[in-house]
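*Asks:* Protein chains in written order, with the numbering used here: chain A, 78 to 192; chain B, 151 to 261.
If you're looking for bench data, these hints aren't it; they were derived computationally from the structure.
A hint or two may mislead.
Stated by the list, open to error - Taking CB as the label site, the calculated pair distances span:
#1 A:Gln119 - B:His206: 24 to 30 Å
#2 A:Ser86 - B:His206: 25 to 31 Å
#3 B:Glu153 - A:Ser95: 23 to 29 Å
#4 A:Thr157 - B:Glu155: 43 to 49 Å
#5 A:Ser131 - B:Glu153: 18 to 24 Å
#6 B:Phe168 - A:Gln179: 31 to 37 Å
#7 B:Leu260 - A:Ser95: 20 to 26 Å
#8 B:Asn172 - A:Arg87: 31 to 37 Å
#9 A:Glu129 - B:His206: 45 to 51 Å
#10 A:Glu136 - B:Ser157: 38 to 44 Å
#11 B:Lys205 - A:Glu136: 33 to 39 Å
#12 B:Gly207 - A:Asp142: 27 to 33 Å
#13 B:Glu167 - A:Gln106: 23 to 29 Å
Claimed, not checked - DSSO-like mimics (lysine-lysine), calculated; alpha carbons at most 27 Å apart, straight line:
#14 A:Lys91 - A:Lys141
#15 B:Lys205 - B:Lys218
#16 A:Lys97 - A:Lys141
#17 B:Lys218 - A:Lys118
#18 A:Lys132 - B:Lys205
#19 A:Lys143 - A:Lys118
#20 A:Lys97 - A:Lys118
#21 B:Lys203 - B:Lys151
#22 A:Lys97 - B:Lys218
#23 A:Lys118 - A:Lys91
#24 A:Lys141 - B:Lys151
#25 A:Lys143 - A:Lys97
#26 A:Lys118 - A:Lys132
#27 A:Lys132 - A:Lys97
#28 A:Lys143 - B:Lys151
Where is the CB? At the ideal position from N, CA and C, for every residue including glycine.
Below, each chain spelled out in residue letters.
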Amino acid sequence: GAVVSQHPSRVICKSGTSVKIECRSLDFQATTMFWYRQFPKQSLMLMATSNEGSKATYEQGVEKDKFLINHASLTLSTLTVTSAHPEDSSFYICSAARQRNQPQHFGDGTRLSIL
Amino acid sequence: KNEVEQSPQNLTAQEGEFITINCSYSVGISALHWLQQHPGGGIVSLFMLSSGKKKHGRLIATINIQEKHSSLHITASHPRDSAVYICAAEDSSGSARQLTFGSGTQLTVLP
Numbered sequence: 078g079a080v081v082s083q084h085p086s087r088v089i090c091k092s093g094t095s096v097k098i099e100c101r102s103l104d105f106q107a108t109t110m111f112w113y114r115q116f117p118k119q120s121l122m123l124m125a126t127s128n129e130g131s132k133a134t135y136e137q138g139v140e141k142d143k144f145l146i147n148h149a150s151l152t153l154s155t156l157t158v159t160s161a162h163p164e165d166s167s168f169y170i171c172s173a174a175r176q177r178n179q180p181q182h183f184g185d186g187t188r189l190s191i192l
Numbered sequence: 151k152n153e154v155e156q157s158p159q160n161l162t163a164q165e166g167e168f169i170t171i172n173c174s175y176s177v178g179i180s181a182l183h184w185l186q187q188h189p190g191g192g193i194v195s196l197f198m199l200s201s202g203k204k205k206h207g208r209l210i211a212t213i214n215i216q217e218k219h220s221s222l223h224i225t226a227s228h229p230r231d232s233a234v235y236i237c238a239a240e241d242s243s244g245s246a247r248q249l250t251f252g253s254g255t256q257l258t259v260l261p
């Protein structure tokens, strides 16, 4: 159990495009989802914490207008990178937890390349 | 904010060798996670521990709370164990469990 699906796995698009990434918990309901970014050879960095039905909490330095997060249901959270630029190219990965105080289960990640 | 350090950064071993990856953190935590990241990027959670020792197959994780140190051991290593191993310190003092990640250890097991 505890499967998290992330889609798409890879995106290549032109600068200025907005890109939506979906994170779904397939066999459990997730009240909390986390979005991370990982640059090459670096560790995962938390971008934001998303709670179902409420606004996401963004980490310092992460632009909330640039990275729109929606957690409209207990099984789906979306991250939209608006007007993406080459510097937004990175590996984005989500995780989901049944409750705030329970373990996180990770998706397979989305590799975003902005040309 | 917690500082999480892993060593070594890179490790190459021959098949069958016993492997140890170390993780230290600077601030008290509620739990320590060991994760495995495959070349494609997907992450699998291996262990979550807050004290003592856990074992799953050929993998063993230990933690010493007083010394703020954890180790991941792989016995009888195999080429399929090749991956990046990441430790993450969990702080649940806030409203949600947050993880601070180490920089990872790239393990390559040669046949």
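*Asks:* For every hint, state whether the structure bears it out.
*Replies:* Do the hints match the structure? See the list:
1. Judged by the Cβ atoms, the range 24 to 30 Å given for Gln119 (chain A) and His206 (chain B) holds: they are separated by roughly 27 Å.
2. For Ser86 (chain A) and His206 (chain B), the hinted distance range of 25 to 31 Å is satisfied, since their beta carbons lie about 27 Å from each other.
3. As the Cβ distance of Glu153 (chain B) to Ser95 (chain A) is approximately 35 Å, the hint placing it in 23 to 29 Å is violated.
4. As the Cβ distance of Thr157 (chain A) to Glu155 (chain B) is approximately 34 Å, the hint placing it in 43 to 49 Å is violated.
5. Here the CB-CB span from Ser131 (chain A) to Glu153 (chain B) is close to 30 Å, at odds with the stated 18 to 24 Å.
6. Look at Phe168 (chain B) against Gln179 (chain A): about 33 Å separates their beta carbons, and that is inside 31 to 37 Å.
7. Taking 20 to 26 Å as the suggested C-beta distance range, the pair Leu260 (chain B) and Ser95 (chain A) does not conform, at roughly 44 Å.
8. Checked against the hint of 31 to 37 Å, the C-beta distance between Asn172 (chain B) and Arg87 (chain A) comes to roughly 33 Å, which is consistent with it.
9. In this structure, Glu129 (chain A) and His206 (chain B) break the distance hint of 45 to 51 Å, their C-beta atoms being roughly 31 Å apart.
10. A hinted range of 38 to 44 Å for the beta carbons of Glu136 (chain A) and Ser157 (chain B) is inconsistent with their spacing of about 26 Å.
11. Checked against the hint of 33 to 39 Å, the pair Lys205 (chain B) and Glu136 (chain A) passes, with Cβ atoms roughly 34 Å apart.
12. For Gly207 (chain B) and Asp142 (chain A), the Cβ-Cβ distance of about 46 Å falls outside the hinted range of 27 to 33 Å, so the restraint is violated.
13. Checked against the hint of 23 to 29 Å, the pair Glu167 (chain B) and Gln106 (chain A) fails, with Cβ atoms roughly 42 Å apart.
14. Taking the CA atoms of Lys91 (chain A) and Lys141 (chain A), the gap is about 21 Å. The hint holds against a cut of 27 Å.
15. At roughly 20 Å between alpha-carbon atoms, Lys205 (chain B) and Lys218 (chain B) fall within 27 Å of each other, so this suggested pair holds.
16. For a cut-off of 27 Å, the pair hint linking Lys97 (chain A) to Lys141 (chain A) stands: about 14 Å separates their Cα positions.
17. For the hint linking Lys218 (chain B) to Lys118 (chain A), the alpha-carbon distance of about 25 Å falls within 27 Å, and the restraint holds.
18. In summary, the hint linking Lys132 (chain A) to Lys205 (chain B) is not supported, as the alpha carbons are separated by about 39 Å, beyond the 27 Å threshold.
19. With a C-alpha separation of about 24 Å, the suggested pair Lys143 (chain A) and Lys118 (chain A) falls inside the 27 Å cut-off, and the hint holds.
20. In summary, the hint linking Lys97 (chain A) to Lys118 (chain A) is supported, as the alpha carbons are separated by about 24 Å, within the 27 Å threshold.
21. For the proposed pair Lys203 (chain B) and Lys151 (chain B), the alpha carbon gap of about 25 Å is at most 27 Å, so the pair holds.
22. Note on Lys97 (chain A) and Lys218 (chain B): the hinted pairing is violated, with a Cα-Cα distance of about 39 Å set against a maximum of 27 Å.
23. Between the alpha carbons of Lys118 (chain A) and Lys91 (chain A) the distance comes to roughly 24 Å, so the proposed pair stays at or under 27 Å and holds.
24. In summary, the hint linking Lys141 (chain A) to Lys151 (chain B) is supported, as the alpha carbons are separated by about 22 Å, within the 27 Å threshold.
25. Proximity of Lys143 (chain A) to Lys97 (chain A) is assessed by CA-CA distance (about 12 Å); at most 27 Å being required, the pair is judged to hold.
26. A C-alpha spacing of about 31 Å is found between Lys118 (chain A) and Lys132 (chain A), which places the hinted pair above 27 Å, so the restraint is violated.
27. Of the supplied pair hints, the one linking Lys132 (chain A) and Lys97 (chain A) holds, its CA atoms being roughly 17 Å apart against a limit of 27 Å.
28. As the CA atoms of Lys143 (chain A) and Lys151 (chain B) are separated by approximately 25 Å, the hinted pair is consistent with the 27 Å bound.
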